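Student: These are the residues of each chain, in order.
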Amino acid sequence: AQSVSQHNHHVILSEAASLELGCNYSYGGTVNLFWYVQYPGQHLQLLLKYFSGDPLVKGIKGFEAEFIKSKFSFNLRKPSVQWSDTAEYFCAVNKAAGNKLTFGGGTRVLVKP
Amino acid sequence: SAVISQKPSRDICQRGTSLTIQCQVDSQVTMMFWYRQQPGQSLTLIATANQGSEATYESGFVIDKFPISRPNLTFSTLTVSNMSPEDSSIYLCSAPRASGGGNTGELFFGEGSRLTVL
Chain A
3 AQSVSQHNHH VILSEAASLE LGCNYSYGGT VNLFWYVQYP GQHLQLLLKY FSGDPLVKGI
63 KGFEAEFIKS KFSFNLRKPS VQWSDTAEYF CAVNKAAGNK LTFGGGTRVL VKP
Chain B
1007 SAVISQKPSR DICQRGTSLT IQCQVDSQVT MMFWYRQQPG QSLTLIATAN QGSEATYESG
1067 FVIDKFPISR PNLTFSTLTV SNMSPEDSSI YLCSAPRASG GGNTGELFFG EGSRLTVL
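Going down the list, the sequences are from chains A and B.
Quick note: the first sequence uses my numbering, first residue 3, plus one each step.
Quick note: the second sequence uses my numbering, first residue 1007, plus one each step.
One chain only, chain A, in its complex shape (with noise of 0.2 angstroms):
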């Protein structure tokens, strides 16, 4: 059974600071990676999703993931976070023929004003 896992459970951190969320997964085959978002009190949206193709692929508000599949690793960066960033982050994965998605356990991101 596929698995994802987040290696951090929370980040505090400053404006304007830098953010890099890793994320690592369990699956032999082709699969497809999300990254997706939850702002507090808000639904989950997606953030960027990886698919085939490029493996450094952007994402809405200035955010990016790179796919190393060596590294069966899918991390999240953004250069610059502004308090709105604060949320909670999701990296998921599903095989490329299916939909069922496998979340990974979440970070919560708390940015300082």
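Some hints could be false.
Unchecked claim - Examples of chain B residues lying across from chain A (beta carbon under 10 angstroms, computed):
(1) Ser1024
(2) Leu1025
(3) Pro1045
(4) Ser1048
(5) Phe1067
(6) Val1068
(7) Asp1070
(8) Phe1114
(9) Glu1117
Stated by the list, open to error - Here are the simulated BS3-like pairs of lysine-lysine, each with C-alpha atoms no more than 27 angstroms apart in a straight line:
(10) Lys102/A x Lys114/A
(11) Lys60/A x Lys73/A
(12) Lys1013/B x Lys114/A
(13) Lys1071/B x Lys102/A
(14) Lys1071/B x Lys1013/B
(15) Lys51/A x Lys102/A
Said to hold, decoys possible - If you only want the chain B side, here are some residues facing chain A, beta carbon under 8 angstroms, derived:
(16) Gln1034
(17) Phe1039
(18) Leu1049
(19) Leu1051
(20) Gly1058
(21) Pro1077
(22) Phe1081
(23) Glu1112
(24) Leu1113
(25) Gly1118
(26) Leu1121
Calculated from the structure, these hints are not laboratory results.
Keep in mind the model is a prediction, meaning the values are calculated, not measured.
C-beta atoms are modelled at their ideal positions from N, C-alpha and C, and glycine is treated no differently.
Using the hints provided, position chain B relative to the given structure of chain A.
Tutor: Leaving out everything else, chain B in the frame of chain A:
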């Protein structure tokens, strides 16, 4: 993008009772998924609801506890039966996003139904 609406958005329930959560999608979808997000936890898939067939449950979840209906391609219900405080969670409905007639592999989520069991 698809719009998914759930109701109730929140409820407070008594131990031993059952509650049915409804999920409406604004477009026809083959599969719908029900997830649970327990307090401070990530999302765990309960089951996949397929139209015209029985739902497929994940390990640790059974039909008697979480019966699911899928009467058509835009609607599903999840019932949480004989509730206990451990069932206090957010229950989320999701559906795939389609584009050009094909499946993108991406899921849209409803806003969730927050259940508190006393």
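Student: A separate judgement is required for each hint: does it hold in the structure or not?
Tutor: Evaluation of the provided hints:
| no. | hint | result |
| --- | --- | --- |
| 1 | Ser1024 | violated (24 angstroms) |
| 2 | Leu1025 | violated (20 angstroms) |
| 3 | Pro1045 | violated (12 angstroms) |
| 4 | Ser1048 | holds (5 angstroms) |
| 5 | Phe1067 | violated (13 angstroms) |
| 6 | Val1068 | violated (18 angstroms) |
| 7 | Asp1070 | violated (22 angstroms) |
| 8 | Phe1114 | holds (8 angstroms) |
| 9 | Glu1117 | holds (4 angstroms) |
| 10 | Lys102/A x Lys114/A | violated (35 angstroms) |
| 11 | Lys60/A x Lys73/A | holds (20 angstroms) |
| 12 | Lys1013/B x Lys114/A | violated (34 angstroms) |
| 13 | Lys1071/B x Lys102/A | holds (21 angstroms) |
| 14 | Lys1071/B x Lys1013/B | holds (19 angstroms) |
| 15 | Lys51/A x Lys102/A | holds (15 angstroms) |
| 16 | Gln1034 | violated (15 angstroms) |
| 17 | Phe1039 | holds (7 angstroms) |
| 18 | Leu1049 | holds (4 angstroms) |
| 19 | Leu1051 | holds (6 angstroms) |
| 20 | Gly1058 | violated (17 angstroms) |
| 21 | Pro1077 | violated (20 angstroms) |
| 22 | Phe1081 | violated (18 angstroms) |
| 23 | Glu1112 | holds (6 angstroms) |
| 24 | Leu1113 | holds (6 angstroms) |
| 25 | Gly1118 | holds (6 angstroms) |
| 26 | Leu1121 | violated (16 angstroms) |
Against the hints set out earlier in the document, violations occur for numbers 1, 2, 3, 5, 6, 7, 10, 12, 16, 20, 21, 22, 26.
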